[in-house]
Each structure stands twice: as structure tokens, then as C-alpha cells.
Amino acid sequence: MTHLGMEQLLQLREPGLEPGGAAAREHVEACPQCRAELDRLHQRVARLRALPALRPGHNRWPAVRARLAAHARRRLLRFASVGGLGLAASIALLLMVRDLAHPASVAGSELSSAIARSHELERTLDSFKSDQRVTDGWTDRMAGELEDRIALVDRQLEMAQLMDPESSETALLRLWRERVGLLDALVDVHLTRASRIGL
Amino acid sequence: MADTYLLADAEPLLARARAGDQTALEELYRAFETPVYNLARRFCRTAEDAEDVLQETFFEVCRSLKHYRGEGSLWGWIRTIAASKALMRLRRNRYRETEALEDDLHVGPRADQHLRMDLEAAFERLPPLSRAVVWLHDVEGYTHEEIAGMMGKTVSFSKSQLARAHTRLRRWLGEETAG
Numbered sequence: 001m002t003h004l005g006m007e008q009l010l011q012l013r014e015p016g017l018e019p020g021g022a023a024a025r026e027h028v029e030a031c032p033q034c035r036a037e038l039d040r041l042h043q044r045v046a047r048l049r050a051l052p053a054l055r056p057g058h059n060r061w062p063a064v065r066a067r068l069a070a071h072a073r074r075r076l077l078r079f080a081s082v083g084g085l086g087l088a089a090s091i092a093l094l095l096m097v098r099d100l101a102h103p104a105s106v107a108g109s110e111l112s113s114a115i116a117r118s119h120e121l122e123r124t125l126d127s128f129k130s131d132q133r134v135t136d137g138w139t140d141r142m143a144g145e146l147e148d149r150i151a152l153v154d155r156q157l158e159m160a161q162l163m164d165p166e167s168s169e170t171a172l173l174r175l176w177r178e179r180v181g182l183l184d185a186l187v188d189v190h191l192t193r194a195s196r197i198g199l
Numbered sequence: 200m201a202d203t204y205l206l207a208d209a210e211p212l213l214a215r216a217r218a219g220d221q222t223a224l225e226e227l228y229r230a231f232e233t234p235v236y237n238l239a240r241r242f243c244r245t246a247e248d249a250e251d252v253l254q255e256t257f258f259e260v261c262r263s264l265k266h267y268r269g270e271g272s273l274w275g276w277i278r279t280i281a282a283s284k285a286l287m288r289l290r291r292n293r294y295r296e297t298e299a300l301e302d303d304l305h306v307g308p309r310a311d312q313h314l315r316m317d318l319e320a321a322f323e324r325l326p327p328l329s330r331a332v333v334w335l336h337d338v339e340g341y342t343h344e345e346i347a348g349m350m351g352k353t354v355s356f357s358k359s360q361l362a363r364a365h366t367r368l369r370r371w372l373g374e375e376t377a378g
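Each protein sequence line maps, in turn, to chains A and B. Everything in the first sequence is counted per the numbering used here, starting at 1 for the first residue and increasing by one. Everything in the second sequence is counted per the numbering used here, starting at 200 for the first residue and increasing by one.
The following block holds chain A by itself, in its conformation from the complex (with noise of 0.2 Å):
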């Protein structure tokens, strides 16, 4: 007598009967070593159903408030990226006017590579997605707390503009200086975490 395979006894668990099951469910009614068979793979599927679940080693939830944090800031930027032109626009506006009254700094200048360079790293970032791409504890937890210190960049520069239009051109170009290495440092994570996962 030959036997039901392992493929035709797992088909007499599925709803619903194929072709040449009816003759495999005969076959089992008539042969006790299949209905043993049969009855050891219910068995087996019912104490794998039954293992204990196993539970993490470590808190996720920190590292997944801080992606999500990120995230949001991510889509403020973006959302924001017309003002954050108006405010570089306004710098700008503001240096010019004091380069009327006073020859042409060398801060001014500087100030002016900053934001440039400023803006070409936030263009390196939006290429990275990295909101589309698998990332890593590490990564997470490095890009959280760079973009913590550029949100508080931003907001000095805000303040500054807002509450204290006179802000002397060092004390900006500090600002932007401070951002554009935040901004970098950034970048290498992204770049580091590319060449861990092989991207």
C-alpha cells in the first residue's frame, strides 16, 4: 500500500478539497499508519501554536519615538523650506543693506558661503531618504540627536532675527558655521549607515 506524502496530508488540512483528495481522504479513514500520521502533524501544529512567546531584551519604544520625532522634523523642514529660504533671503537682504553703509565684510562673505554650503547638505540629506531605507539602532539614535542640535540652531537663528535684527554678522556666521558641521556630521552618519547595510 503506498503511503500519503507530506504534501497530501498537509492538503487534508486546508478548507476546501483539491483533485485526488477525495481518494486521500479515503486513503486515511482506511490506513491506520496515515491517520497517525496525519493525527501527529495536528499535534505538532498545535504544541507550535502553544510555544511560549518570547518577549524583546530592550525598550524599542525609545528609538521609535525618536525616528518618529525625526520624521516630523524631516516633513516640517521640507514643509517649512520656503520660509527657511525667506529667512536666508532676509540675512541676505540684511547684509546688503549694511554693506551700503559699510565696505563689504569678510564675515558677509563668509556668512554667505555658510548658508550656501548649508543648503547644499540639505539637498546631499534629502537624497538619502532615509525615512524609505532600513536603519539600525545606531543610526537612529546618532541622526536624532544631530537633528536635535540643528532644530536648536534653527531656532537661535530665528531668535535672532526675530528679536535681534542688529545680530552682528560674527554671531550668525557662528550660527550657520555650527549648523553646516551639524549638518555634515549628519551626512557621515547616513554615509556610514549606507556602507553597514551594503546600500
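Honestly, the hints are just simulated from the structure, not real lab data. You may find that some hints are simply not true.
Where chain A lies over chain B, by a calculated footprint (3+ residues, C-beta under 8 Å) [said to hold, decoys possible]:
| # | region |
| --- | --- |
| 1 | 331 to 340 |
| 2 | 358 to 369 |
Derived, one-sided and incomplete: chain A residues facing chain B with beta-carbon distance under 10 Å [to be verified]:
| # | residue |
| --- | --- |
| 3 | G5 |
| 4 | Q11 |
| 5 | L12 |
| 6 | P15 |
| 7 | R55 |
| 8 | D140 |
In silico negatives: residues of chain A with every beta carbon more than 10 Å from chain B [as the list claims (entries may be wrong)]:
| # | residue |
| --- | --- |
| 9 | A63 |
| 10 | R117 |
| 11 | L152 |
| 12 | D154 |
| 13 | E169 |
| 14 | L175 |
| 15 | T192 |
Here the structure is a predicted model, which is why all the values come from computation and not from measurement. All C-beta atoms in this analysis are idealised placements derived from N, C-alpha and C, irrespective of residue type, glycine included.
Add chain B to chain A, keeping to what the hints say.
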């Protein structure tokens, strides 16, 4: 399993979570953390990989919550995201490329004939894709059509993986009968 815990409070919690309430999002995470990790751990070789899948899954869940309309169970929706992320992780780790080698290592008849293992150890020993198919089909209740769709494979692939896996489990568990 998580649904029964969450069912009574699901709607108000989801409304708060959709509005970006951090406490609600964390509550959602806590409610489904274990079943998601358990599923991921059954697929992945290491606990760290499974934790990464857990993290990826909840990032996606929190981000896509507005798209969940309450059709089907919340756990069903989260579970599909988790399974997809776990399969993505398997692909990323190129498990498929090493599967042929693992097959040779795992099914050597002489080595296995006298070896009895418990079910969990035997399941762990299966190649990753086989484990994923067994878990999705036998434990989570997905159909072969659904599994084939998730894996980008054919229904026959899913069926044959399941049959091969059960043949191995039966042998490793010492359940084979003569004849």
C-alpha cells in the same frame, strides 16, 4: 492575543494615537510589543535582528496609523506589517543564498536519525524561509496564497516549503514510523 487585551479601549486609544499623542502611541507599542517581537524572533536568526524588526514595524505602524480604517482586526493589520518587515530583513541578510548550504547541514540523514529534539529547537533549526512559511501558515493562519504574495513567490513554493519543513520536523522529533 493582543487584541483581546486592547479591544475594549482600541477606538479611543487609536483616535489619540492618530492625533500624535505620545502616551497613546507608547500604549499601542506596549500592547503589541510582545506578539510583534515573537513573530519577528521566529523568523530571524538573532534577537537583535528581531528587535530591529520590532522597531521598524512600530515606526511604520505609528506613521501609517491614519490609513488603518478599522477593517479587520488591529492585530491583523500590525501583524501584516511585522511579517513584511521580518521578510524584508531575511532578504537583506541574504539568508536565501545560504539556504542551500544550510539544507545540506540540516538534513544529513545519519546525523539526524538518532537525534531527538524538542519542538522549539527543531523549529529553530529550520532554514529561515521554511521557518517563516511554517509560522505564517500553521501559527498565524495565513493561506498559501497570502504567503506567496508576501514573499513574492508562487503558491507551490509556499506549499513545498511547508511540506519539507514538516518532513524535517518529524524526523528531528523522532516521529517517523517504519514503512
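Okay, the hints, checked on the actual structure:
Coverage of the region 331 to 340 of chain B by chain A holds. Counting CB-CB distances below 8 Å, 4 residues qualify, and the rule asks for three or more. Interface restraint, the region 358 to 369 of chain B with chain A: holds (9 residues with C-beta to C-beta distance below 8 Å; minimum three). Below 10 Å, beta-carbon pairs count as interface contacts, and A:G5 has one with chain B at about 8 Å; its hint therefore holds. Checking A:Q11 against chain B: minimum C-beta separation of about 8 Å stays under 10 Å; hint holds.
Below 10 Å, beta-carbon pairs count as interface contacts, and A:L12 has none with chain B, the closest being about 12 Å; its hint is therefore violated. Checking A:P15 against chain B: minimum C-beta separation of about 9 Å stays under 10 Å; hint holds. Residue-level restraint check for A:R55 holds (minimum Cβ-Cβ distance to chain B is 5 Å; threshold 10 Å). For A:D140, the suggested interface contact is upheld, since its CB lies about 8 Å from the closest CB of chain B, less than 10 Å.
Not every C-beta of chain B lies more than 10 Å from that of A:A63, the closest at about 5 Å, which undercuts listing it as non-interface. Distance to chain B confirms A:R117 as a non-interface residue, since its nearest Cβ pair spans about 31 Å, more than 10 Å. Distance check for A:L152 against chain B: the nearest CB is about 20 Å away, which clears 10 Å, and the non-interface claim stands. No beta-carbon of chain B is positioned within 10 Å of the beta-carbon of A:D154; the least distance is around 21 Å.
Consistency note on A:E169: stated as away from chain B, and its beta-carbon is indeed over 10 Å from all of that chain's, at 39 Å minimum. Distance check on A:L175: its Cβ is at least 29 Å (rounded) from any Cβ of chain B, clearing the 10 Å threshold; non-interface status holds. A cut-off of 10 Å between C-beta atoms confirms that A:T192 is not in contact with chain B; the least separation is 16 Å.
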